[in-house]
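J.: As they're listed, the protein sequences go chains A and B. Read in order, the letters of the first sequence correspond to residues 5 to 115 in the numbering used here. Read in order, the letters of the second sequence correspond to residues 14 to 126 in the numbering used here.
Everything labelled a hint here was simulated from the structure, so no lab data went into it. Owing to the predicted nature of the structure, the values given are computational and were not obtained by experimental measurement. Fair warning: there could be bad hints in the mix.
[Stated by the list, open to error] Mimicking SDA-like on lysine to any residue, the simulated pairs with C-alpha atoms at most 20 Å apart in a straight line are:
1) K58(A) - T70(A)
2) K70(B) - N42(A)
3) K58(A) - T112(B)
4) K70(B) - K58(A)
5) K70(B) - I6(A)
6) K70(B) - F98(A)
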Amino acid sequence: GIQVEQSPPDLILQEGANSTLRCNFSDSVNNLQWFHQNPWGQLINLFYIPSGTKQNGRLSATTVATERYSLLYISSSQTTDSGVYFCAVVVLEFGNEKLTFGTGTRLTIIP
Amino acid sequence: KAGVTQTPRYLIKTRGQQVTLSCSPISGHRSVSWYQQTPGQGLQFLFEYFSETQRNKGNFPGRFSGRQFSNSRSEMNVSTLELGDSALYLCASSLDRRTYEQYFGPGTRLTVT
Numbered sequence: 005g006i007q008v009e010q011s012p013p014d015l016i017l018q019e020g021a022n023s024t025l026r027c028n029f030s031d032s033v034n035n036l037q038w039f040h041q042n043p044w045g046q047l048i049n050l051f052y053i054p055s056g057t058k059q060n061g062r063l064s065a066t067t068v069a070t071e072r073y074s075l076l077y078i079s080s081s082q083t084t085d086s087g088v089y090f091c092a093v094v095v096l097e098f099g100n101e102k103l104t105f106g107t108g109t110r111l112t113i114i115p
Numbered sequence: 014k015a016g017v018t019q020t021p022r023y024l025i026k027t028r029g030q031q032v033t034l035s036c037s038p039i040s041g042h043r044s045v046s047w048y049q050q051t052p053g054q055g056l057q058f059l060f061e062y063f064s065e066t067q068r069n070k071g072n073f074p075g076r077f078s079g080r081q082f083s084n085s086r087s088e089m090n091v092s093t094l095e096l097g098d099s100a101l102y103l104c105a106s107s108l109d110r111r112t113y114e115q116y117f118g119p120g121t122r123l124t125v126t
């Protein structure tokens, strides 16, 4: 099945720093989403971005579907950005469509 | 518009018991999916319901089942609980099944002792 890999697995930054999170997938996909899981476990939908670039405040994302990767940019990090960031793609496996998550990047922002 | 709600938020059960979790989707969303999150296995898809029918299923044993009601609310049931079923169970709703753009609830944290 499709593999979804995220890098780096862990990232520790000072408040105010910028960061880039990467998501690689092993097969072509027609949708991709980025989520932020806060320390309480809530998954927040950040972007639905099957291709192209989107921006929302300090966050932006770019997906290059032909090269099978997506990037999430966080600028001017704040402590509230801490948590785990997941990318997820829909895969078809044994006749079932399912959202498959990457292994995540744990981001820690230090004040 | 209210988000996805899940009840209960926390649950402690004993091995061998059964449990039922509830999920209310965002108003107007008719697709509801369930996921299990554990430290060892990460986030794994359980099943998806749309118009009261299971449309997709992940690789979980038959002890895990679900259903959806006419108002799109969904329940999942786990019978004969095992210690390994301890996890965060997340429900997500989606307006458009073609895109699978999903919005998640806060989760139910289940502990099996």
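J.: Could you run down the list of hints and mark each one as holding or not?
T.: Hint check results:
Restraint check for K58(A) and T70(A): the C-alpha separation of about 17 Å stays at or below 20 Å, so the hint holds. Restraint check for K70(B) and N42(A): the C-alpha separation of about 27 Å exceeds 20 Å, so the hint is violated. As the CA atoms of K58(A) and T112(B) are separated by approximately 16 Å, the hinted pair is consistent with the 20 Å bound. Of the pairs offered as hints, the one joining K70(B) and K58(A) is violated, with about 31 Å between alpha carbons and a cut-off of 20 Å exceeded.
Straight-line distance between C-alpha atoms of K70(B) and I6(A) comes to about 17 Å, which keeps the hinted pair within the 20 Å bound. Of the supplied pair hints, the one linking K70(B) and F98(A) holds, its CA atoms being roughly 10 Å apart against a limit of 20 Å.
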